[in-house]
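Q: As you go down the protein sequences, you meet chains Z and X in turn. Just so we're aligned, residue 1 is where the first sequence starts under the working numbering, counting upward by one. Just so we're aligned, residue 281 is where the second sequence starts under the working numbering, counting upward by one.
Do not rely on the hints blindly, as some may be mistaken.
Claimed, not checked - DSSO-like, lysine-lysine: derived pairs with alpha carbons at most 30 Å apart:
{"#": "1", "chain 1": "Z", "residue 1": "LYS222", "chain 2": "X", "residue 2": "LYS360"}
{"#": "2", "chain 1": "Z", "residue 1": "LYS260", "chain 2": "X", "residue 2": "LYS360"}
{"#": "3", "chain 1": "Z", "residue 1": "LYS155", "chain 2": "Z", "residue 2": "LYS62"}
{"#": "4", "chain 1": "Z", "residue 1": "LYS252", "chain 2": "X", "residue 2": "LYS395"}
To be clear, the hints were calculated from the coordinates, so they are not data collected in a lab.
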Amino acid sequence: MVKMFIDDRRVEAQEGESVLDLARRVGVDIPTLCHNEALEPSGACRLCSVEVTFPGWDGWRKLVTSCLYPVAEDLRVYTQSERVQKTRALLLDLLLARCPDAPLIQRLAAEHGVRTTSFVPRAEPDDCILCGLCVRACDKVGAHAITTAQRGQHKVIATPFNEPPEECVGCGACAEICPTQCIELREAEGVRSIWERDFELLRCQTCQAAFMTVAERDHLVKERGLEESYYQECPSCKRQRVAESMAEVVLKTHPDFVPKQMGGEPLPPLPRVSRPGVRP
Amino acid sequence: MKRLLVRPTECTHCRNCELACAFYHSGAPTPVGPRVIEVRRVRTVPVPLTCLQCDEAACVAACPADAIRRSEETGALEVKPHRCIGCRACEHACPFGAMYFSEERHVALKCDLCKGNPTCAAFCPTDALRWAEA
């Protein structure tokens, strides 16, 4: 157990966790744009910046990203100090110049007292805040199809050589996780288009509805060892199959079954059967 | 351990459970959800369909982010929304079609037994859904 302080409140941290994880666990709000518990923290958005100090530092305080800063004995963290507030407002001011049309940025900025940007907005803005969540999610899925390219003001999220990525499986995790929803994913006539690549959609054997890409199915079967037979039907048709088999059991055990709402008498309970392998 | 008992013979297809589930999981008791229980009628038999909390679950095996975890308290498999990356692998892997996806919040949705007090069972007027020792 690591004993430390957040905003002068005594808290107990677990060895090895980050200041952000600890703050979230004990109910201290720190805003973030690039954090997901399942993904490696990257410190890209800087919005989770907090001030830290140790008793031996003579009151000197350091500004750090809480998602990357490990907890330590006697550490003192300040999440709402004037310097932290100013830093967050400046970051959001800059983000607003970069993405003036993104509702999430507008809302966050307004919450921190920034209504309009004091910088010159980009000439051709898009909604990408370069948080890198899409890149890390893609790595997590195991496709490694996108990455950040170039640096400084030229930094972009791109595919290798700016060509349609061979490794992409078209799962759409990048588009789902994007906080500003700026990754374009289109679906039409059994084809999903993302990153300028077209993916054939798998059709349900029963109802012919398109529900996932063929490439994603192959990827999951190969990489995660799942049965190919799981992917023959869409979720709705799978439910229908469960319903049919349960109904079959009812009609077999109660041949004269009349539903309650149609005047059926309450049925005697089914005999109990022991089911080996089922947890008590 | 308590379990969610489903008895189609008692069900009247009133779909109260669907509304209660939508209220708990999406904050609005709308018939369209998102919710994680559904009642379907096959011939004369209404069947409430929800997650079976499999011992060896396909959703867990499919999730690359380790976002679906077993609760020690209730035995339910719960989605940790802060870990979900939205790849929908679980939704497509579940052999029973019991995984859902919230388009609004961009995270997977599944029955978590309402953290130990299933709303569907509480609102079921006929005991077709019951939260009891089994």
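Q: All hints, please: hold or fail.
A: Quick rundown of the hints versus the structure:
1. This hinted pair checks out: LYS222 of chain Z and LYS360 of chain X have alpha carbons roughly 25 Å apart, not beyond 30 Å.
2. Our distance criterion of 30 Å between C-alpha atoms is broken by LYS260 of chain Z and LYS360 of chain X, whose separation comes to about 38 Å.
3. For the proposed pair LYS155 of chain Z and LYS62 of chain Z, the alpha carbon gap of about 27 Å is at most 30 Å, so the pair holds.
4. Of the pairs offered as hints, the one joining LYS252 of chain Z and LYS395 of chain X is violated, with about 35 Å between alpha carbons and a cut-off of 30 Å exceeded.
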